[in-house]
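> Take a look at the letters that make up each chain.
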Amino acid sequence: MKKWLRLTIVLITLLAVAVSVYSQENEDQWIEILGKADATQHDKARACQQLALYGSGKCVPALAALLKDEFLGVYARYGLEPIKDPAVDKALREAIDKVQGKLLAGVINSIGVRRDPAAVDSLISLTSDPSPEVADAAIGALGQIATDHAIEKLESILKSGKEPLLSTAVDACLNSADRLIINNRKQDAIKLYEAVRKSNAPEHLLSAATYSLIRTQGVDALSLLIDQLKSGNPAMTAVALRAIREIRGEDVSRALASELKKLTPDVQTLLIKALVDRNDPTVCKGIEKLVKSKDDGVRQEALGALGKIGNVDSVAILVKAAEGDDADIALASLRILQSDGVDSDIITGMKKSESKLKAKLIDILADRHCSAASPALIIEAASEDQTVARAAFKALSTLAGPDDTSALVELLVNLKDDSIRNSSENAVASAALKINDTNKRADAVLSRLNAIDNNSARCSLLRVLGRIANKQAFDAVVNAVGDKDESIKDAAIRAMADWPDASALEPLLNILKSTDNDLHRTLALRGAVRLAGQASEEPQNNIESFIRLTEFAKRPDDKKLVLSGLADIPHPEALKMAVNELADEKVRSEAALAVIKIARNISGHNPGPTREAMDRILKEVPDNGVKEMARTVLRGMDEAQSFLTAWEACGPFEKDGAAYSQLFDVVFEPETNASATSLKWKPIASGTTAGKPWLIDVLKFYGGEQKVAYLRTWIFSPEEQPARMELGSDDGVKVWLGNKMIHANNAARAAVPGNDKKDIDVPKGWTPLLVKLTQNNLGWELVVKICGRDGNALPNFRSSINPDR
Amino acid sequence: MSRKINRRKFIGMAGGLTASAIAMPTIIPASVLGKNGAVAPSNKITLGAIGIGPRGRYVLNCMLDQPDVQFLTICDVQASRREEVKAMADAKYGNTDCVACNDMFELLARKDIDSVLIATGDHWHALASIIAAKAGKDIYSEKPCGITIGDCQDLADTMHRYGTVFQAGTQRRSIGNFQFAVHLAQSGKLGRLHTLHASIYKLRVLHDWLPEEPLPSKDIVDWDRWLGPAPWRPYNQKYVHGGWRGYFDFDSGATLLDWGAHTVDLCQWAMGADGTTPTTYEVSPDGNTIHAKYANGVKLIMRQGGFSGEGEWLGLGTCPVRFEGDEGWVETGDSGQIKFYPESLAKERKKFTERGTHPAQHTRNFFDCVKSRAMTTCNQDVMRSSHIACHTAAIAWQLNQKVTFDPTTETFVGNNEANRMCTRAKREPWRV
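First to last, the sequence lines map onto chains A and B.
Following the numbering used here, the numbering of the first sequence begins with 96 at its first residue and continues without gaps.
Following the numbering used here, the numbering of the second sequence begins with 38 at its first residue and continues without gaps.
Derived from the structure by calculation, the hints contain no laboratory data.
All C-beta atoms, glycine included, are put in the ideal place defined by N, C-alpha and C.
Treat the hints with caution; some may be incorrect.
Below, a list of computed lysine to aspartate or glutamate pairs in the DMTMM-like style, where the Cα atoms sit at most 20 Å apart [what the hints assert, rightly or not]:
1) A:Lys750 with B:Glu364
2) B:Lys388 with A:Glu228
3) A:Lys163 with B:Asp261
4) B:Lys376 with A:Asp792
5) A:Lys197 with B:Asp259
6) A:Lys777 with A:Glu764
7) A:Lys403 with B:Asp405
8) B:Lys384 with A:Asp462
9) B:Lys387 with A:Asp462
Some chain A residues flagged as far from chain B (calculated, every beta-carbon gap over 10 Å) [what the hints assert, rightly or not]:
10) Ser307
11) Ile412
12) Lys584
13) Glu680
Far from chain A, by Cβ distances over 10 Å, these chain B residues were calculated [said to hold, decoys possible]:
14) Asn98
15) Gln107
16) Cys138
17) Asp149
18) Glu319
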């Protein structure tokens, strides 16, 4: 045996001995407390509870002595019951002659819990004790011990006993029967249940015995179960309904289903529910027969049941029922029915149905995501029946596939009913967008656009092109903007104004330049404002778009529109433009709100302009609510002092198979050459989380899990000075000041200011500060504060993403 | 058998019997539904309530809103509480018919009561449920349904023995956002599940006794009945005013089941583990987290906190749970908000507005099952395994030991102390 293994075994042995000695010493201590005259009741009670955990036969006399105590007797039993030592049983048996009343009942209860067969004779005597509590306890204990002798006594009480002991004896018999089953004496348990059923016990107890009997016999109790079902006795019917859910087997299901028609409507309804819970399809035929019941409850229950356990044969039944008063239930069942061939049969049923039902069945096919229905639905979409056609188009907008696009375009161009035009357009767009090759999505539409002269249809196709929005669609819509026909032009401009990406910005600006139609102008401006904000990932580029837009926004309403878009641009130039509009009284309120919104996003990087803008609002805007918003921005900036809030971020970086803790040590390019042109550094806002102006939320910026981001800023100190960096990170963090790594912590945690504290020396002048931040999951945040080692602000210290400022 | 079943007829048929009740209201035929969905009195499910404090009133109020339920009797050992409930019921029904008593046997002896709501202090839940089942009543019991493993076993066995319809008040299984989260887990959309997170309340165990105060009149507070099966201790009014929480003799599993009864239950459900429990439990060095593991290797992490800012939960309200698979995760809590990954699951998201504490759907399920005799959403078997998982974790925490548990025998493996903590002697004369 190796030396270390021997040593380990010795140590484990010593530890085991130590634990044993410890418990033994405590047992002695607790026994001593029990014997102390001056120990409090609480001390003794706690000692008993400790002995319940660690006591041995040694403590039995001390605990037994307390059994007579009116208050602490329960604690004594508390200590005794779990100790596996025959001395406990002996002590409890001896206590029978020493205590009376409730205390005796308690002792008997403990004997029952311990199932002490040696106590049976004494307990039998106590079943006739004048104290009802004692007699009750004795009968209960006999039920738990469940020896043949004990059961014999219980059966005798069943035959001759009176209440309340009769009910107690029944409970004890049921308990005994459970013990017999556990001990593989099922037939004896069955005899005991039968004995209870023959007694004069209250009906709910007879029910319990019958229920247990059926459960125990299982399939052998089928006739007994059916007898209960048909008994007309509600308590016994309840027993049967419960047991039906517990006895397995197809034969049982079939036998029960065959009984359905012989029962009263109320019981039929309940039995259907129970059969459904058996989840056995063999009961279907029996249930199908009840869908024609004259009883509303039975009929509806049967129809509902077919949805849960029916099969393809149920479709015709349900479709038929959907024509009548039970339509809602039948349709709900058709919606959920699961079986091979169901979809196909519903399509067949739909084709044969009249208008109203046909539309409902089309809805069901859509709800069932039945794409195989598309060919049939395309036919129905051509129906002159508006209800059917609308339902078909609506269904096709989810079910139609890419191959259906041409057929749907034909339906659209030939559409006569304008009331379903929108549904038809949705269906075409939906199908076209499912075409994998983006460049081909508009082909079917374009092939018809210039081949028809029906203006309504052409307008429809333009709207669809606006939804498809690929390059070919774009060219066609741009072209249509110049159409001589006003309705075509109008449709094209609307499509362009709703275009999903910024490619429409230039055409919209052109419209603004050229149109003299107020409506078109407003549509184009609204679209352009929306797209100007998303034209580029670089706010600077978007600013240029807004500058161009201001040329067309001379009226107050137009200016408000532009300000609403400008507010979403986190750039100092946007702030400046919005501030300029404060001078215009007619748009001052909207300008102020835009200024505040921009300020919230850039205050960390641009404290000077932000403060100036807030000061102007406080001076020039009369609205107190707006003023308070400005003050809140200023308060946030004050709170964030000493925190570094001006940051640029780069990333995210990841590596296949590497978790955040491994990524911590993977070197990405920002660590080796942060100024590499291949790296894209973007300003990241601080304070995007309410109440935390100092927090940098990288999760909002990048999102994701198991990644790395780098953040950098520059700090300025007028001279070299000692300082303290207080840093919070979610999750792991490395920090470089200049070229030197000054901190590393491969953590997984929530960011709290001051998670880590580090004394540092801040160099003179501008110095780059680079942070690597790993992301496990959930939050991804950073907070950094640099202050004096006494916690106060460093004199003339500042930070910026642009060291020239 | 041609006669129409009428529930009150059953009662008549059962007349002359001793403290018994017929616990099977029939289904309500549509024909007896009057205008506005009113239900004929003879076809209503009758209800009594035992031990109703603030939570009990909240649940009872939901039950009173059910059109097919008629509340008849309140039993509480505290006069102020039973009077409050009587006033609430009388105001609801516009009469003074609600009977108030302080002896549950008086309530259970009423042959015209089908079902009971049990919302006593934790230490009474199991025994009151067992006694009610023996009296033939169906039961909705607030959680935790038993304060020991033994209580939970006895409770479940008794419900089976008597064919009782039993619903544990772990209502989050009936709340939309939790159901949605479980759906994501069970449908495989998160990939193979590997870790389940259940929030638990801050763990604590109190063993002290509060200073003795003079016993009030039994008409005001019946202290002996309030204690019931719990070991005796001197009276102090703080106990009966909710101050029992945290005490070993009255509370459940070092308070782990306060939230754990819900959140561990949801994890069990998500994993399809009803009927079993984790097999190993280990407490973290700081005592704040219990790491359990199922036989198939899936981890169940019970961790404290749950509010934003406390720990790593996403701040989605109380009782948060999180299910993690190898392709995604989902987290939700009582706010109804759900967060998940990957984003592609968003198309399946629905908006959920019902708070996790609201028991309307859960109580409805109970009454439906009272009629149909089906098993409830949180029946005795569901309760048994999820509660035992909680108790096992709490025992590991109290012993500060790694424990191994056999879900088949429901016993600890090779740990005498842990096995001894599974049951407690009941104060005389109470027994199961």
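> For every hint, state whether the structure bears it out.
Structure-based check of each hint:
{"no.": "1", "hint": "A:Lys750 with B:Glu364", "result": "holds (17 Å)"}
{"no.": "2", "hint": "B:Lys388 with A:Glu228", "result": "violated (56 Å)"}
{"no.": "3", "hint": "A:Lys163 with B:Asp261", "result": "holds (18 Å)"}
{"no.": "4", "hint": "B:Lys376 with A:Asp792", "result": "holds (17 Å)"}
{"no.": "5", "hint": "A:Lys197 with B:Asp259", "result": "holds (17 Å)"}
{"no.": "6", "hint": "A:Lys777 with A:Glu764", "result": "holds (16 Å)"}
{"no.": "7", "hint": "A:Lys403 with B:Asp405", "result": "holds (17 Å)"}
{"no.": "8", "hint": "B:Lys384 with A:Asp462", "result": "holds (15 Å)"}
{"no.": "9", "hint": "B:Lys387 with A:Asp462", "result": "holds (16 Å)"}
{"no.": "10", "hint": "Ser307", "result": "violated (6 Å)"}
{"no.": "11", "hint": "Ile412", "result": "holds (20 Å)"}
{"no.": "12", "hint": "Lys584", "result": "holds (37 Å)"}
{"no.": "13", "hint": "Glu680", "result": "holds (42 Å)"}
{"no.": "14", "hint": "Asn98", "result": "holds (28 Å)"}
{"no.": "15", "hint": "Gln107", "result": "holds (18 Å)"}
{"no.": "16", "hint": "Cys138", "result": "holds (19 Å)"}
{"no.": "17", "hint": "Asp149", "result": "holds (13 Å)"}
{"no.": "18", "hint": "Glu319", "result": "holds (18 Å)"}
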